[in-house]
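Read top to bottom, the protein sequences are chains A and B. Note that the working numbering has the first sequence beginning at 18, numbered continuously upward. Note that the working numbering has the second sequence beginning at 1096, numbered continuously upward.
Where hints are given, some of them may not hold.
Stated by the list, open to error - Just the calculated beta-carbon pair ranges, DEER-fashion:
# : chain 1 : residue 1 : chain 2 : residue 2 : range
1 : B       : T1358     : A       : L575      : 16 to 26 Å
2 : B       : G1512     : A       : G231      : 24 to 34 Å
3 : B       : E1233     : A       : L349      : 26 to 36 Å
4 : A       : S538      : B       : H1285     : 52 to 62 Å
5 : B       : P1190     : A       : A499      : 50 to 60 Å
6 : B       : E1167     : A       : V497      : 32 to 42 Å
7 : A       : V545      : B       : P1287     : 27 to 37 Å
Please keep in mind that the hints were generated in silico from the structure rather than gathered at the bench. Glycine included, every Cβ here is placed at the ideal spot set by N, Cα and C.
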Amino acid sequence: MRDCLLARRLTWAAFATVLATLSPARGQAADFEIQADTALQGYEVASPWGDVVLQRRRFLQTVGLGVYNLQGTNRPGEADYRVVMMMRLNADFGVNAHLYDKQSGGETTYATPGGNGVRFVPGLEPAPLDLMFGYIEGRNIAHGLLGFKLGRQYVTDVLGWWAFDGGLVRVTTPFHVQAEVYAGLEQRGGLPLSTTRFERQGEWRGSHAGFGVGAGLPSVTDYPAYQYAEPAPAVGFAVESSGPRWIHGRLSYRHVYNTGTSVVSMFPDPIGGGYRTVAGTRTSQERVGYAAEVAKNDLGGLKGGFSYDLYNQLVATYFGGVEVRAGQRATLGADVDYFVPTFDADSIWNWFTKSPVTSITGRAAIRFTKRWDATISGGVRLWRVDGDPTTFGVEECKAARKEPDCTSVPSPGTSIDPSTAGDPLTAAQPWSRLAESRIVTTTLDALGNLNARYRFGSGNISLRGMLQAGAQGSREGVDVAAEKNIDGGRYTLGARTSLYGWHDPTRPDRDATSFGYVLSSGFRPMRVAHFRLEWEHDMNRLVGQRYRVLGLINLLVLK
Amino acid sequence: MIARKRATAPLPGWLALVACIAALGFALLNPSASAETAILTPAPSSSTAAPSPPPVDAATLGGRTAMPGDAEVPLAWMPPGTAASPLPSEEIFPPQTISVRFNHKLHVKQLQQSCKVCHAAAFASDDAADRLLPKPAEACDGCHESDHADLLHVKAGSSAIGQCAFCHLGARAGEGGKVAALVVPTPNLHFPHKKHLGRNIQCAQCHGKIDELELATREQMPRMAGCLSCHAMSGAAQGEAKSACSTCHLTQADGRIQVAFSTGDLSPPPWLHQAGHSADWIERHKTVAANDSAFCGSCHTDKYCADCHDGKVRPRKVHPNDWLSMHPQAARQDNPRCVSCHQEQTFCADCHRRTGVARDVASGNRLVGRRFHLPPEVWTTAPRGPQHHAWEAERNLNACVSCHTERDCTTCHATKGIAGGQGVNPHPLGFRSRCSLALQRNPRPCLVCHDARDALLGSCR
């Protein structure tokens, strides 16, 4: 009883301490910001076969709170403190809406009268609630020497856009260098108030609440690829230049660990029938990256960066670009972008053969007037593979002692069905593993983009055209959008129309041309509120007509 | 308009001569009808007793444009940074209406008047909103013999240079001395002239060589590129010229720069971090954010970024109309962009599982016989044809991962036996040189496809 009372007192004391810490000093006024966005969306999503039609009835509510200048009066360059947070409810009342009778509720309930798991999607939540960010921050402490953030926060750098729960300390030296160190837990889906957005690719994780071994309960082994969500400790640091604006660079390092138990077997053990697991702390990601930029104001600039995946032991991304000012109206440039997929270190796909995608483009940006500007860019995307797709199979046939055109005449002997005896792959594999059989071949996509806009005092008109065409198919189209504010922005009218076509050589039956338009109107009855309603209508031969309604309410109160 | 030259072309010489002669004739015939053309006449107003002064040829006095004949000002005389930003920002220095004529060169060089004579207020100014233009009663009347003590009852001087129309463009005699308003809006920035002058940063260092110019306009206002030549100190540096945006820019309560003004929305100039928000900026911003996200945070909130990067409402600037129909082809062609915002095993695959566009899904979501890819004998059955899935996986592994779970791939690619696969080796060439370190750091992916006692696994230990 005494322990309980003590615990209660300690709780209240801690709460009071937090309040006192966050409250502005007496006689000083902090600045408050309360923000709430509501979005209502209604549309349908059909499967390619048309017999599953999802009703998307989405309700999104975010609520944000910011308390700035906790120290009282804000003086530029002096220490200031703030607390910011934003919560989000992302509900879809369309989950289960297309299921009736015996399957009713089957997407989120494993056991239904229609059977166990016939519609069940592990991890699907109809109304997840998450904390997007929430932290207390101090800046310019000790005459600009120190800064900190404590709580759920974003980190944006050459390693990507990422979020974690923890602390970050920044030290700014007088020598044009600053450093930051952070540690905490990566935001992971399935954990409280979290989303999967910031995890590395390749792992399907989520909450196993409701899983069990009893009748009518989904078992972990029913979905062996669906992994437990466990806390993921993370540490990182960055060293960055500060001060001069003509040069900047940032070196970033991050190491995230997976913990807990992970199912390893995708199939039951043929002997015991069980599933194997691994447990313990292991790497999730370990990467280092650097990005830099240097510019001469009246000439142009250079920029570049890369990320190296220490687990995969390869350069995962790099980019570079040069910009040249061509007179007072035009900027010319060239860019290169390189990307090779990497995944969470728990994922098997890190160790599958995969090749980089490299884009090389040239660009011109022209500012005809202050109101009217346009950019045009074009180039190529390079796709690389190990081997020549047009001859590889023929050589494999030869190695398997088959006719050279064996790939065009499917026979039981060419199947890799486990029940098939005499797997010809055994004979073909040595050939396919030879380096000389894997001479890199490259295919190209042509890329083109055109963007233009005209901005006038009360609105704007914009155009966007794009083309991507090559062996991987093609996609081309154009968007034209316009928006007009009336009565000083009290009313807004908008329209957008688009025409796109696409061709997929691997699925020619999915080629289509689409036309769509959006009509929107907005109303701002007072400074703190804005309402917007949008109607979207798309049409193509695959889905016929599709409609989408979007309603937005934005509230922002500053005090 | 980027060019510094005025849009209005100067009058040809012969036309100006004809205009001068004509104006002279009109003035002689009817002094009150003369305008602000070539001949200046005294305004009657309250100084009715003054005799008519001799006319003065305004063409020789200048002061209506920066350079005679509205010639372009040499770059060397312009404020530092003009090469990068030919014109000052309209958001920071809103357009002005200059309704007076004033020849700085004449006053400074010929009449030996220093800047301080007219702009004394600048030397005591801590705020950019301070009025720094000369008060005519203090700075002008002494020489021009006018009387601006009461601005509602200004008295013209007796000489030609004391007449209202000598300085005030458009002033007409007989209209009670009314002159057009001089509009110089307050700049939208923090700027303490006193502090800069106190550090011996003289006028020309920010405004250029105004002593070589006649009329000074907002084109002589400082350029940010010029400011940053000094403002390069980090927050912790002892120097006062901090590079933080809030040193000069107006800020909101949360410390971000105020960007919305009546003259437009402030955005970075193209030379600053190469972050000009051009029409294709949304496709290019990642390189700037990767290098210096704090720079983005000078104007944008966490929420602003999250609306797209972690958004739940499709941003049409990124994904155009009918994206639902188009996205498979877009994902095949441009998957690096997908993974910059989406976690494929959840965001993509959750919807794919619900619609049956995945392999490892509930039986009811994908009816028997439904197939997304090409027929098995083309797509999966070895040996490889040109349309075999291996090529697609090599080019586009992320696209596979947006539908398939590990279980789908291990069906064939795991080793035979306890792992339950068919032993089709998916590893790239050169894998062996890297597998040891990978196994050491995380054995989990190895164990998905290999039994712990597998000899192949042992070779990586």
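Now for the hints, and whether the structure bears them out:
At roughly 22 Å, the beta carbons of T1358 (chain B) and L575 (chain A) sit within the given window of 16 to 26 Å. For the pair G1512 (chain B) and G231 (chain A), the supplied restraint of 24 to 34 Å holds, since their beta-carbon distance comes to about 32 Å. Between E1233 (chain B) and L349 (chain A) the Cβ separation comes to about 52 Å, which falls outside the hinted range of 26 to 36 Å. At roughly 39 Å, the beta carbons of S538 (chain A) and H1285 (chain B) sit outside the given window of 52 to 62 Å.
The hinted range of 50 to 60 Å is not satisfied by P1190 (chain B) and A499 (chain A), whose Cβ atoms lie roughly 26 Å apart. For E1167 (chain B) and V497 (chain A), the hinted distance range of 32 to 42 Å is satisfied, since their beta carbons lie about 38 Å from each other. Evaluation of the 27 to 37 Å hint for V545 (chain A) and P1287 (chain B) yields a pass: the beta carbon distance comes to about 34 Å.
The earlier numbered hints that this structure contradicts are 3, 4 and 5.
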